[in-house]
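The residues making up each chain are set out below.
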Amino acid sequence: MKNDITNGEIIRKWLDGELSHEEMEALKSSDAYDDYKKIIDATDNLNAPDYDIEKEYFKIQNLKSTKRSSVRQLKQWMYGAAAVLLVTLGYFYFANATTTYKTGFGEQLAISLPDNSHVRLNANSTLELKKRTWEEDRTIELTGEAFFEVEKGTPFIVKTNEGTVEVLGTKFNVSVQPDFFEVKCSEGKVKATKFGQDGEILTQGMGFRTTNGAVQKWSFNNGQPSWIQGESSFVDSPLTQVLIAFQNQYNVTFVTKDIDKNQHFSGSFTHDDINTALKTLFDAMEISYTFEEEQKIVLFKSE
Amino acid sequence: MCDEKTYELFFKTHSQVFRNYIYYKCGDIQQAEDIVQDTFIKLWKNCAKVALEKAKSYMFTLANNAFLNQVAHKKVVLEYQKTIVNQQTNESPEFVLEEKEFLTKLNMAIADLPEKQRVVFLLSRIDKKKYREISELLGISVKAVEKRMSQALETLRKKISHI
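Going down the list, the protein sequences come from chains A and B. Take the first sequence: its letter number 272 is residue 1495 in my numbering, and every next letter is one higher. Take the second sequence: its letter number 117 is residue 126 in my numbering, and every next letter is one higher.
These are calculated hints, taken from the structure and not from any lab test. Some hints could be false.
As the list claims (entries may be wrong) - Below are the DSS-like pairs computed for lysine-lysine, each with C-alpha atoms no more than 30 angstroms apart in a straight line:
#1 B:138 to B:168
#2 A:1251 to B:63
#3 A:1261 to B:63
#4 A:1260 to B:137
#5 A:1278 to B:152
#6 A:1236 to B:156
#7 A:1282 to B:63
#8 A:1260 to B:125
Stated by the list, open to error - Incomplete in silico selection of chain A near chain B, CB under 8 angstroms:
#9 1232
#10 1240
#11 1242
#12 1260
#13 1262
#14 1281
#15 1283
#16 1351
#17 1354
#18 1356
#19 1357
Because the structure is a prediction, the values reported are computed rather than measured. Just so it is clear, CB atoms sit at the ideal spot from N, CA and C, and this is done for glycine as well.
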């Protein structure tokens, strides 16, 4: 019996799970079995040093190409062709390279453009432009909200998913969310065009907004939007947009129970303190709120 | 073998076991990876002469040749699976400690195994290779693998019960 276990065949069958019931019983009754089993089980917790196949293959690829180039000589003209191709590709690459600015929750970003125009990007927004060809083509792509102070020059165009704004030189604010497009002109004249609608000319102090296709126009006094000073303010805005603006500043989510999200709100909330902000916002609208989790707020009608 | 796709597949299927095999022999991870690189480059350069079904044994021959020139051997050190502590949270601390101690001892005992036994034992236990596969890799009979494996187990057992 004692010899059996050191018999290689038995061990092989054991490890490959091919032992018959009798053989297994015999193995178990032998002296060495417990020790063997302990060793075998323990090896399941041992590993060889890490191996990154992709990385290693990449190294091989590099080595392969260096070793080969000595064998296969390139024809002289190929160098020229390659150089021309590289230069052309490089030109297109740089000419088309876009610069992207992005803000996270509660962040703002001040951007100076090559022509000395200024953009202030509100929270959770993205702005894209081609710096290289900026002088000829002043086009910006925006998602979220931004305030623009534009130097006079060629047409300055803000493209969004909902519509475009075109100006020559002025100050204006653009806010865009799905099915929401809002332009406020602080100085000069702008042309706001909601996709599928006629363009709207706005002069100083005029606001223009489309919510799910419905158009709203109003006038306001202050020059800069208040969010630049750390306060989001609203004039007769749909509650949905107020909630989005709030979420962007404080990185929270709202769960609404029996609230009419299409009701309109006028007022403001601060970016400094979430509790004050919640209070000023919802007390006026007779909405109660509780924190369900740290970043999840439930809204319901006050009794 | 000169086909880029075939070569890549071959590399990705076999290079890890191959690397481990060399590591089990010499205990030097850097050396093992260098040898893997060298042999795979040689394979690419000679791709026209090596049929796919012969490629595996060709590689092992190349690697073994590389060894004839390199004598520096280090001890093989295996890594403990990082999840081991988590798996045993319901065990007593003493037990966990004992297990760790046992693994350390086992690791040392494996490093002290004769090379042939160690290679077979680790290919089977770490790379989970079947006896038949090991015999093909090393170019030895299944009987020889069986013998080395049971010798390895017996050596380990004696070492560990002695400590």
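Hints and how they fare:
Simply put, residue 138 of chain B and residue 168 of chain B have alpha-carbon atoms about 24 angstroms apart, close enough for the 30 angstroms limit, and the pair holds. Pair hint residue 1251 of chain A plus residue 63 of chain B does not hold up; C-alpha atoms about 41 angstroms apart against a cutoff of 30 angstroms. Taking the CA atoms of residue 1261 of chain A and residue 63 of chain B, the gap is near 38 angstroms; set against the 30 angstroms cutoff, the hint is violated. With a CA separation close to 16 angstroms, the supplied pair residue 1260 of chain A and residue 137 of chain B stays within the 30 angstroms bound.
Restraint check for residue 1278 of chain A and residue 152 of chain B: not satisfied, since their Cα atoms lie roughly 37 angstroms apart, outside the 30 angstroms limit. Restraint check for residue 1236 of chain A and residue 156 of chain B: satisfied, since their Cα atoms lie roughly 13 angstroms apart, inside the 30 angstroms limit. The hinted pair formed by residue 1282 of chain A and residue 63 of chain B meets the criterion: a straight-line CA distance of about 24 angstroms does not exceed 30 angstroms. The hinted pair formed by residue 1260 of chain A and residue 125 of chain B meets the criterion: a straight-line CA distance of about 21 angstroms does not exceed 30 angstroms.
The closest approach between the C-beta of residue 1232 of chain A and any C-beta of chain B is roughly 6 angstroms, which is under the 8 angstroms cut-off, so the hint is satisfied. The beta carbon of residue 1240 of chain A is not positioned within 8 angstroms of any beta carbon in chain B (closest approach about 11 angstroms), and the interface hint is therefore violated. A least Cβ separation of about 14 angstroms between residue 1242 of chain A and chain B goes past the 8 angstroms threshold, and the interface hint is therefore violated. Using the Cβ-Cβ criterion of 8 angstroms, the hint placing residue 1260 of chain A at the interface with chain B is not satisfied: the shortest such distance is roughly 10 angstroms.
A hinted interface residue such as residue 1262 of chain A counts as satisfied when its beta carbon comes closer than 8 angstroms to some beta carbon of chain B; here the least separation is about 5 angstroms, so the hint holds. At about 11 angstroms, the closest approach between the beta carbon of residue 1281 of chain A and any beta carbon in chain B exceeds 8 angstroms, and the interface hint on this residue is violated. Residue-level restraint check for residue 1283 of chain A holds (minimum Cβ-Cβ distance to chain B is 5 angstroms; threshold 8 angstroms). Restraint check, residue 1351 of chain A versus chain B: the minimum CB separation of about 37 angstroms is more than 8 angstroms; hint violated.
Restraint check, residue 1354 of chain A versus chain B: the minimum CB separation of about 39 angstroms is more than 8 angstroms; hint violated. For residue 1356 of chain A, the shortest C-beta to C-beta distance to chain B is roughly 39 angstroms, which exceeds 8 angstroms, and the interface hint is violated. Taking 8 angstroms as the C-beta contact cut-off toward chain B, the hint placing residue 1357 of chain A at the interface is violated, the least distance being around 43 angstroms.
Violation of the numbered hints given earlier is confined to hints 2, 3, 5, 10, 11, 12, 14, 16, 17, 18 and 19; the remaining hints are satisfied by the structure.
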